[in-house]
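A.B. asks: Okay, here's what each chain looks like letter by letter:
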Amino acid sequence: MSFTDEILCTKSHEYITKQGANSGEYAIGLTDYAIDQLGDIVFLELPEIGDKFEKGSAFANIESVKAASEIYMPISGEITEVNTALVDAPESLNEDCWGNGWLVKIRPTADEKTETSELLTYTDYKEELE
Amino acid sequence: MVKETYLHDKHVKLGAKMVDFAGWHMPVQYTSIIDEHKTVRETVGLFDVSHMGEVFISGKDATKFLNKIVPQDIAKLDYEKAVYCQLPNLNGGLIDDLIIYKLGIEYYLVICNASRIDEDLNWIVRNKRGLDVKIDNQSHNYSLLAVQGPKAIDLVKKMGYDIEGQKSFTIKPAVIEGIKLLASRTGYTGEDGFELLVENEYSEFLWDKILEKGQEYGIKPIGLGARDTLRLEAALHLYGNDLDENTTPIEAGLSWSVPKDKKVDYNGKNVILQQALNGVEKKLVGLVMLDKNIARHGYDIYFKGEKVGIVTSGCVSPSTGKNIALAYVKNNKEICIGATVQVMIREKLHDAQIVKRPFVEKRNHV
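Residue numbers (our numbering), protein chains in the order written: chain A, 1074 to 1203; chain B, 238 to 603.
Keep in mind the hints are simulated off the structure, nothing from the lab.
Careful, some of the hints might be misleading.
Said to hold, decoys possible - Label-pair restraints from in silico Cβ distances: (1) B:VAL362 <-> A:ASP1124: 57 to 65 Å; (2) B:GLU279 <-> A:THR1196: 38 to 46 Å; (3) B:GLU241 <-> A:TYR1106: 20 to 28 Å; (4) B:ASN326 <-> A:GLU1168: 44 to 52 Å.
As the list claims (entries may be wrong) - For the chain A half of the interface with chain B, some residues (derived, Cβ under 8 Å), not all of them: (5) GLY1112; (6) PHE1116; (7) GLU1136; (8) LYS1139; (9) SER1142.
Glycine is no exception: its CB is placed at the ideal position from the N, C-alpha and C atoms.
Assemble the whole structure, with the sequences as input and the hints as a guide.
C.D. replies: Rendered as structure tokens:
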């Protein structure tokens, strides 16, 4: 199994991946397509632990040399962990947006099953892009 | 219908990310904006800027005509010299900014922004009444290739052009790799280099030759993304961001380019000279952010709790690592170089310091 077999994606180019079967937590990141489109990443602003966001709401900001963009919640959740190392070195997202490129971890706060069922597998996501 | 330059297929083959810019399908980056930017600062880069407009002005009254439409004194322009000009409306606001080259007696080349060529032509045609002047838009027949960076001169020499004696801001007919072209020692990067005006049919050959001969210097093709960060570090204005029809050259910090002793009338002269003498309400400044946030076009600027201006261009400066911006602020003595202002970014105020422009040392004064 590769990393992308276990992720679910949004049409706005975020992904989530479950953190172990029993933890109940998800990591959220941006897809390789999103990073490629943004180009050189130079700034990242992440929320605080304990912040809560609804599915589809903006929870973080990312900027490349050219432009500023918002990052949206794939499912509703409460922030449990923040990748502060990325805030200090946002350019590392250009190298790896998967394993070490997670932005935040969350605990779902709504009906996880319903919300995740609306997301796309990586294969379907790639097809949508074409 | 989006236009393509003669080099469009080259860009696609090189793997460029293409974007629509001013009605043209142009390369924004080939590999990375930061990498391309550094290539131009450290060695040499090649740009396709064929989207820019080329208009030839000739006829008995060509000088008189140009003198009526720009604040600069075209009568004082020597043969083969270039001058940075603005095209003001009757209120002194800018329809475009231009480079005017004197190619011969009553014979000039005007290079203008791709995004403004229609507006420029409308305006200048309206100003030619009663004058013996021919306005010949040749934009569709010419390609423009810019070779920029500390190794640009070596490269052009290597390609067979003896640049002996050709100074900055001059243009000369040249033969490079057997191709007749116009070689202008100008650019939009703050680096030394040439802009080569060539007939479309030779542009692909020239593009390939420049990349081939430039290999030993580590040349790379450079997209519009790095062109923007390079010009911003050099604090060169971008029309549409830092200049528009409601901004005069004096407000834009271009007083240095406006002669105060030009006798003949030109469009907007009253307003422009009055401002040069009595000062302006708003002025262009350079900003450096004091935290990691990046000021972008359109963000508001505050000073002592009051909104005093707006950011017109901003980015990360790849050469310095600082977050830099150009902005218009109220012309108030306290809002000066060294002062701290705040930029509203995502509903929070972030400190920025007003600094001298340019943000990097320019190396194109020869």
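A.B. asks: When the hints from earlier in the document are held up against this structure, which numbers fail?
C.D. replies: 9
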